[in-house]
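Student: In case you want the letters, here they are:
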Amino acid sequence: MSNAWVAEVVVMPKAGVNDPQGEAILGGLHDLGYRAVSRVRAGKQFRVEIDAENEAAARNAIAEMSDRVLANPVIEVYEIESLTPLTGAGAER
Amino acid sequence: MSQQVGVVTFPGSNGDHDAWNAFANDLGVPTRMVDYRETDLDGIAVVVVPGGFSYGDYLRCGAIARFAPVMNAVREFAQRGGPVLGICNGFQVLTEAHLLPGALLRNESLRFHCDWIHVKVENRSFWTSDVEVGDILRLPIAHGDGSYFADDETIARLESNGQVIFRYCDANGAVLDNANPNGSRRAIAGIANEGRNVVGLMPHPERATDPLVGGADGRRIVTAALSALQVAV
Amino acid sequence: MPEAVVNSIAPGAWREVALSDDEYALILELLGREPTPVELGMFGSMWSEHCGYKHTRPLFPRLPTDGPQVLQGPGENAGAVSIGNGLAVVFKVESHNHPSAVEPYEGAATGVGGIVRDIFTMGARPIALLNSLRFGKLDDQRNRYLFDNVVGGIGGYGNCLGIPTVGGEVFFDDSYSGNPLVNAMCIGIVTEDGIVRAKASGVGNLIMLIGADTGRDGLHGATFASVDDPEASHRGVIQVGNPFLEKLLLEASLELLTSGAVVAMQDLGAAGLTSSTIECASRGGVGAEIDVALVPRREEGMTAYEVMLSESQERMLLVVEPHGFEQVDAIVRKWSLHSSVIGRITDDGMVRVMDGDVVTADVPAEFFTDKCPTYVRPAAEAPHVVAARETDTSAFSDLKPGQAPAVLLELLSSPNICSRKPVYERYDHTILTNTVVAPGQADAAVLRIKGQQSGIATAIDCNSRYCYLDPHLGAMHAVAEACRNVSCTGGRPLAITNCLNFGNPERPAGYFQLDNAVQGIADACRALDVPVISGNVSLYNETANSPVFPTPTIGAVGLLDDVCRHATMVWKPGQSIVLLGAWSPVLGGSEFLSYWHDAVAGQPPSLDLEGELRVQELVRDLIGAGVVRTAHDVALGGIAVALAKMAIVSGVGANVQLPRTVERVDAQWFGEAASAIIVAVEAGDEERVRANAAEAGVPFLRLGETGDSGLTINGGKAIPLSALSVAHEHGFA
Chain Y
1 MSNAWVAEVV VMPKAGVNDP QGEAILGGLH DLGYRAVSRV RAGKQFRVEI
51 DAENEAAARN AIAEMSDRVL ANPVIEVYEI ESLTPLTGAG AER
Chain F
1001 MSQQVGVVTF PGSNGDHDAW NAFANDLGVP TRMVDYRETD LDGIAVVVVP
1051 GGFSYGDYLR CGAIARFAPV MNAVREFAQR GGPVLGICNG FQVLTEAHLL
1101 PGALLRNESL RFHCDWIHVK VENRSFWTSD VEVGDILRLP IAHGDGSYFA
1151 DDETIARLES NGQVIFRYCD ANGAVLDNAN PNGSRRAIAG IANEGRNVVG
1201 LMPHPERATD PLVGGADGRR IVTAALSALQ VAV
Chain V
2001 MPEAVVNSIA PGAWREVALS DDEYALILEL LGREPTPVEL GMFGSMWSEH
2051 CGYKHTRPLF PRLPTDGPQV LQGPGENAGA VSIGNGLAVV FKVESHNHPS
2101 AVEPYEGAAT GVGGIVRDIF TMGARPIALL NSLRFGKLDD QRNRYLFDNV
2151 VGGIGGYGNC LGIPTVGGEV FFDDSYSGNP LVNAMCIGIV TEDGIVRAKA
2201 SGVGNLIMLI GADTGRDGLH GATFASVDDP EASHRGVIQV GNPFLEKLLL
2251 EASLELLTSG AVVAMQDLGA AGLTSSTIEC ASRGGVGAEI DVALVPRREE
2301 GMTAYEVMLS ESQERMLLVV EPHGFEQVDA IVRKWSLHSS VIGRITDDGM
2351 VRVMDGDVVT ADVPAEFFTD KCPTYVRPAA EAPHVVAARE TDTSAFSDLK
2401 PGQAPAVLLE LLSSPNICSR KPVYERYDHT ILTNTVVAPG QADAAVLRIK
2451 GQQSGIATAI DCNSRYCYLD PHLGAMHAVA EACRNVSCTG GRPLAITNCL
2501 NFGNPERPAG YFQLDNAVQG IADACRALDV PVISGNVSLY NETANSPVFP
2551 TPTIGAVGLL DDVCRHATMV WKPGQSIVLL GAWSPVLGGS EFLSYWHDAV
2601 AGQPPSLDLE GELRVQELVR DLIGAGVVRT AHDVALGGIA VALAKMAIVS
2651 GVGANVQLPR TVERVDAQWF GEAASAIIVA VEAGDEERVR ANAAEAGVPF
2701 LRLGETGDSG LTINGGKAIP LSALSVAHEH GFA
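Protein chains in written order, with this note's numbering: chain Y, 1 to 93; chain F, 1001 to 1233; chain V, 2001 to 2733.
The set of hints was computed from the structure by calculation and includes no laboratory data. One should not assume that every hint holds.
[Stated by the list, open to error] Residues of chain F placed beyond 10 Å of chain V at every Cβ, according to the derived structure:
| # | residue |
| --- | --- |
| 1 | Asp1135 |
| 2 | Gly1144 |
| 3 | Glu1159 |
| 4 | Asn1193 |
| 5 | Arg1207 |
[What the hints assert, rightly or not] Examples of chain Y residues lying across from chain F (beta carbon under 7 Å, computed):
| # | residue |
| --- | --- |
| 6 | Gln21 |
| 7 | Ala24 |
| 8 | Ile25 |
| 9 | Gly28 |
| 10 | Leu32 |
[To be verified] Facing chain V, a subset of chain F residues (Cβ under 10 Å, in silico):
| # | residue |
| --- | --- |
| 11 | Asp1057 |
| 12 | Phe1112 |
| 13 | His1113 |
| 14 | Gly1214 |
For clarity, every value in this text was computed on a predicted model and none was experimentally measured. For glycine and all other residues, C-beta sits at the position ideal for the given N, C-alpha and C.
Can you make the complete structure from the sequences, with help from the hints?
Tutor: The structure is reproduced here in structure tokens:
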């Protein structure tokens, strides 16, 4: 049984929070002719590898660090996109 | 047709005024702003891509500006051997546009850094024709993404071809880690293309053309434009 | 009376927009009916301290605002003074304290954005930024986070805009823990006849909005800045600044103002569309009708209330003659922006807000402005402040003579005295190539004006510890020090701007501080002959009922006739070091007492404003004559710290004898006093300086001479320059 886990955490600007980066990229895409694009929101993705007793403990720890560090809860929301055991073969150590 | 220095401006360029001031006022040469929507560079003998935050530096520095209409003309101009100087954000734009190799990453400190630093002239190029190899210049830097990066192979090629034009150093010319303000590989502050007509650098020579505001070493770089203007006239 | 209004006001709803029961009763009386919800929200914002200056307006008539150099005093987006040759400088300081407490990076960034808009709205091109920052002590993680991110936000915004940040101050004290102060100042330059006022006129003229789309950002920011606990009261979405958009808006606005098609321009700051529409109409004595349905939105489903009170950044309101529309639209498009016509100027003095066909607000503009109630509150000094001030500082045990050098090194590395380089190197201070004297080199920044022989000097200051112990005296010190710092570079102070950061004025102790500090500013400005041309007020700076130190931040701007003749802190070997001005240092309110004995106590230094004026004039004259190129005033940390800083910046040591005006070792080295300036002169000029000082009635005292690789004080062992530098440079590490 693996004690190592890997999580994908996506951090995005909260709904309603101004996203200048997304807007500038949208403008750039329009200038390039991608007129069909109606909205761009720019976020960040993190791949976090962690040792934990079990999946619940890993999830709790990831959630806590997302709240405290990875995302700024004042302007951003996060989602744990996936949480899977870290297998020896696929591990990026 | 009169031959001019063209200062390319993108939305968010903010070093355009300083570049214009250095060429038009301090050097006294004909200079005009070239809007990013322009598609030809008729009458332009020297192209300057100035500093700033083109498109807010969102996505990546220079990543959106490289697609601006004017960049096709700049590319053709460079391929014909025309002198191009990319300063700070302009350097980033030139790397994104593949007119120069490599990329500029976030400073090692992860912070914006403004200071006066020293660079050593390492090799000859169009833009170092009025200085000697080995000269030490004192210039200002002001950037958050100035850490020069290229893969080992590219770095080796740049070094062996003599395309490294400026390297960060201390006041005595020693290339030491603590004189490298941003973690650039091999302390590279500026490079040239193979033709030596296109140069990009992170320091700001255009902000150092008058001793009253800190120094005039940058003047020795921008004066290189004179030769192109004379030839073209 | 609007007919289509359906909602009525729930009992007590006015308290949610920070209006008192009495204020709501006044609204009922003025209107002769219940306000609509939109109107109530508009009253809440316009009658907040931030927009309405309820507690400070009665105090303002005390401040001198006139002078032959003044082109625009308080009441516009910013003040303006002439600098000769048909040119003017426009400047103002503004707070963004509460937003920075919640989200420091964006709070500070949008604070910079707001003050920059105030400047270019006047038609002036912004050429410099300064800031005054105050935080709790850095051993607290949250304070460190606030400090790092506020500095990051200021740099992030100003650097991207391409406006150099040339000066500022950072101060740490427990009173600011959780309630940082973030004051940003901007200076612009414009031709005298190019100054534009935000005064709407011309019935039928178009009201246009340009810049960002409107979202739910910072709803009720203005009222939120006027209540005690920002975190609890904050309900809207945090404003996120977009400096890239602001840069486009800046260039577009300056081009629009020279096009002749724009009658008036007003930025959207606190209370957004509400205050910009009302202020523009009210200044012009006209009415305005706008339709919120025509306002471009960033979000779905926004109500009229939300559109009117949104504080989305990077927006400008224009008043445009109908025939000028095409021209305006073309300029706006050129800068990759879009514009919307949202209303018209009317002749009935009413501010009418439509939502399509529905009238959601219809109120005489003056009800929001002139009818805003003002308050003169009971004032009483807090007993614990009186006790602190009356503390006998001689009861603290003195330092032993041999101890002083070690204490000096410790003070040099303390948070309030150590090098600010880690802060200002995150700000672009070389862009625009006007920075003649950069941060860290002198008491003020010096800027050239291209094409002119003259230059300007600018500084921002406040010793809030003095203000806490004695608000009247402390505020006088703040004005004197800001002007002294400008004078130490050779600039003749032309005017000041102020930012009044205080606690809750509804408490007698809070009102006492506000009342006395404003009086102090007024008294010092009169004595030093510098008018106040702009300002801003931030009250209710408290956490858990504990107010910040009263902090009347003063920004000063001065003129150098010849920018080449300026002074810095840098001296050369072989010069004579001279102290100009009376010297009677005290421990009361000193940095030493706070740092070493953890005591904010005692009577702060006295201030003789006539002596202050004389020493400033003398030093400016000597700099103007080219005799003095090195000057530095004695401030935090006293004379030993001042000398050490000069030695560090110069890379040249000195051998000095400190004045023996006091018995105590600690007071001799680290005691503080006003109106004292250290200058270094060539030995051959010493007698001339002595004679000029005697003529001007300014005390002259030779302290010693420069040279060597260390600082030797009172004949003791030399402290190596390297030790001084290391201590000074690593204070924030």
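Student: Indicate, hint by hint, whether the structure satisfies it.
Tutor: Hint by hint, here is what the structure shows:
Look at Asp1135(F): its CB is around 21 Å from the nearest CB on chain V, clear of 10 Å, so calling it non-interface holds up. Non-interface status of Gly1144(F) relative to chain V is broken: a Cβ of that chain comes within 10 Å, the nearest being about 8 Å off. Listed as outside the interface, Glu1159(F) is consistent with that label: its C-beta sits roughly 30 Å from the nearest C-beta of chain V, beyond the 10 Å cut-off. With a least CB separation of 27 Å from chain V, Asn1193(F) remains clear of the 10 Å interface cut-off, as annotated.
Listed as a non-interface residue, Arg1207(F) fails to keep its Cβ farther than 10 Å from every Cβ of chain V; the least gap is roughly 5 Å. Checking Gln21(Y) against chain F by beta carbon gives a least distance of about 4 Å; that is within 7 Å, so the hint holds. Nearest Cβ of chain F to the Cβ of Ala24(Y): about 4 Å, under the 7 Å cut. The hint holds. Below 7 Å, beta-carbon pairs count as interface contacts, and Ile25(Y) has one with chain F at about 5 Å; its hint therefore holds.
Nearest Cβ of chain F to the Cβ of Gly28(Y): about 4 Å, under the 7 Å cut. The hint holds. About 5 Å separates the beta-carbon of Leu32(Y) from the nearest beta-carbon of chain F, less than 7 Å, and the hint is met. The closest approach between the C-beta of Asp1057(F) and any C-beta of chain V is roughly 7 Å, which is under the 10 Å cut-off, so the hint is satisfied. Below 10 Å, beta-carbon pairs count as interface contacts, and Phe1112(F) has one with chain V at about 5 Å; its hint therefore holds.
Hint status for His1113(F): holds, given a least beta-carbon distance of 6 Å to chain V, under 10 Å. With a least beta-carbon distance of about 7 Å to chain V, the hint placing Gly1214(F) at the interface is held under the 10 Å criterion.
Hint check: violations occur at hints 2, 5; the rest are consistent with the structure.
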